[in-house]
Amino acid sequence: MSRGRTLWEISMAMLRTGILGYGGGPSTIPLFRYEAVERYRWVDNEEFGQILAVANTLPGPIATKMAAYLGYEQAGLMGAVTAVVVHILPTSLAMVVLFGALGLLRHSPVVKGVIEAVDPVVAVMLGVMAYEFLSKTWKGLGKWVGTAFAAVAFLLLVVFQLNPGVVVLVFLAYGLVHYRWADALRRRSAGQPDTGAAGADAARGDAGRQTSATHQQTSITHQP
Amino acid sequence: MWWGFFISNVLGYGGGPSSIPLMQNEIVQHYHWMTNSQFANMLALANALPGPIATKIAAFTGYGVGGWLGLVVATAATVLPSAMAVVLLLRLLNRYRQSRPVKGMTALVQPVIAVLMVVLTWQIGRDSVSGVGWIQSMCIAAVAWWAMERRKVHPALVIVAAFIYGGLILPHLPRLA
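Each protein sequence line maps, in turn, to chains R and E. Here this note's numbering is used: position 29 in the first sequence is 40, and no number is missing along the way. Here this note's numbering is used: position 77 in the second sequence is 79, and no number is missing along the way.
Simulated from the structure, these hints should not be mistaken for lab results. Do not rely on the hints blindly, as some may be mistaken.
Once the Cα atoms are required to be at most 30 Å apart in a straight line, the calculated DSS-like pairs of lysine-lysine come out as [stated by the list, open to error]:
1) 154/R <-> 105/E
2) 154/E <-> 147/R
3) 154/E <-> 150/R
4) 147/R <-> 105/E
5) 123/R <-> 154/E
If you want a taste of the chain R side facing chain E, the calculated C-beta under 10 Å gives, among others [stated by the list, open to error]:
6) 71
7) 141
8) 185
No residue lacks a Cβ here, since even glycine has one placed at the ideal position from N, Cα and C.
Model the full structure from these sequences, guided by the hints.
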C-alpha cells in the first residue's frame with residue numbers, strides 16, 4: 012500500500028477517535044481498538060493489548076501515546092506525528108474558538124443530553140473490551156491461573172488502590188520469569204533435579220513475590 | 003510553560019484525567035496563569051468537548067498565555083515525552099517478541115488490563131446512571147450493545163446516534179428514576 016494511502020488511513024482513524032471519544036483519553040480506547048484491529052487491521056487483538064499495557068506503564072495522556080505508537084508502526088515518524096496531530100487538533104482548536112460560547116454550551120440542555128447519552132454507549136464498549144481481555148487471560152494462562160491473577164490484580168488495583176502503572180510494572184516484571192518458573196515447578200513435580208528454580212528465584216526479586224506466591228498455589232492445586 | 007506541562011503530565015499516571023489535579027496545581031498555584039474559577043470554567047468546557055482532556059487543557063492555557071505559539075509549546079510538552087517513550091519502549095519489546103520472557107510479560111499483563119477495563123466500565127456506568135438514570139442507561143446500553151456486537155455497526159455511528167438521541171430527544175423526556 013502506498014505511503015500516502017497509509018497516512019490517509021491513519022488520519023481518518025485518528026480523526027474519528029479524536030472527535031468521537033467522550034470523557035477523556037481512557038474512554039477512547041475501544042475506538043482505537045476498533046480502528047486499529049477491526050477496520051484497518053494494523054495489529055491483531057493481542058498486539059493491541061500489549062501496546063495498551065506498555066502505554067499504561069508510562070505516565071502521561073493515554074490517547075496520545077496510543078495514537079503515536081499506532082501511527083509510528085504504520086508509517087514511521089511521519090505516521091506518529093500525523094496520528095497525534097490529527098487526533099488532538101480539532102478539539103484543541105475547538106477549545107480556543109468555542110470559549111466565547113462557554114456559558115451557552117454549559118447550560119444548554121441539548122449539550123447536557125448529548126454528553127449524558129454517550130456514557131452508556133462508552134460503558135458498553137469498555138465492558139466488551141473487559142470481557143475480551145478476560146477471555147484472552149483465560150486462553151493464555153488457563154482458566155484457574157488466569158482468574159487467580161485477575162483476582163490479585165483486582166485486589167491491588169481496587170482494594171489497595173495501587174497506581175495502575177505500578178501494578179502493570181509488577182506483573183510485567185513477574186511475567187519475565189513466569190514461564191521459566193512454571194517450567195521449573197513442573198520439573199520438580201516430575202521428580203527431576205531442580206536447577207532452574209534458584210536462578211528464577213533470584214531474578215524474580217521483590218516485584219513478583221506477591222503474584223508468584225499466588226501462582227505457586229494455583230499451580231499446585233492443578234497437579235494430580 | 004514547557005516545564006509546567008511537562009511536569010504535570012510526566013507525573014500523571016493513568017491517562018489524561020489523572021493529570022488534571024497536577025495541571026491545576028501548575029496553572030493556578032504555581033504560575034498563576036488562571037484563577038481557580040477560571041480553571042473550573044475551562045474544565046467544564048473541556049468536558050463538554052470530545053477528545054483527550056489533557057491536550058485540550060494544554061491548548062487552551064497555552065493559547066491564553068502565549069497565543070498560537072503558546073498553544074503549540076504547551077501541547078507539545080504534554081504529548082511529546084510520553085509519546086516518544088512509548089514508541090522507544092515498544093520498539094525494544096518488539097525486537098524480543100519471540101523470546102519467552104517477553105511472551106510471559108504479554109501473558110501476565112492481560113489480567114491487569116482486564117481489571118482496569120472493568121474498573122473503567124464501572125466508573126462510566128456509574129456516571130451514566132447518575133446522569134440519565136437506571137432505565138435510560140440500561141435501554142441505551144442494550145441498544146448500543148445490540149448494534150455494535152450483533153449488527154456490527156461502526157462504533158462511531160453508534161456514538162453519533164447517541165449524540166442525536168441525547169440532544170434531540172432526551173431533554174424533552176421527563177426525568178425517570
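Hints and how they fare:
1. 154/R <-> 105/E: holds (18 Å)
2. 154/E <-> 147/R: Distance of about 21 Å is within 30 Å: holds.
3. 154/E <-> 150/R: Distance ~24 Å between residue 154/E and residue 150/R Cα, so the pair holds.
4. 147/R <-> 105/E: holds (13 Å)
5. 123/R <-> 154/E: Status holds; Cα separation ~28 Å.
6. 71: Hint on residue 71/R: holds, closest Cβ of chain E at ~3 Å, below 10 Å.
7. 141: holds (4 Å)
8. 185: holds (6 Å)
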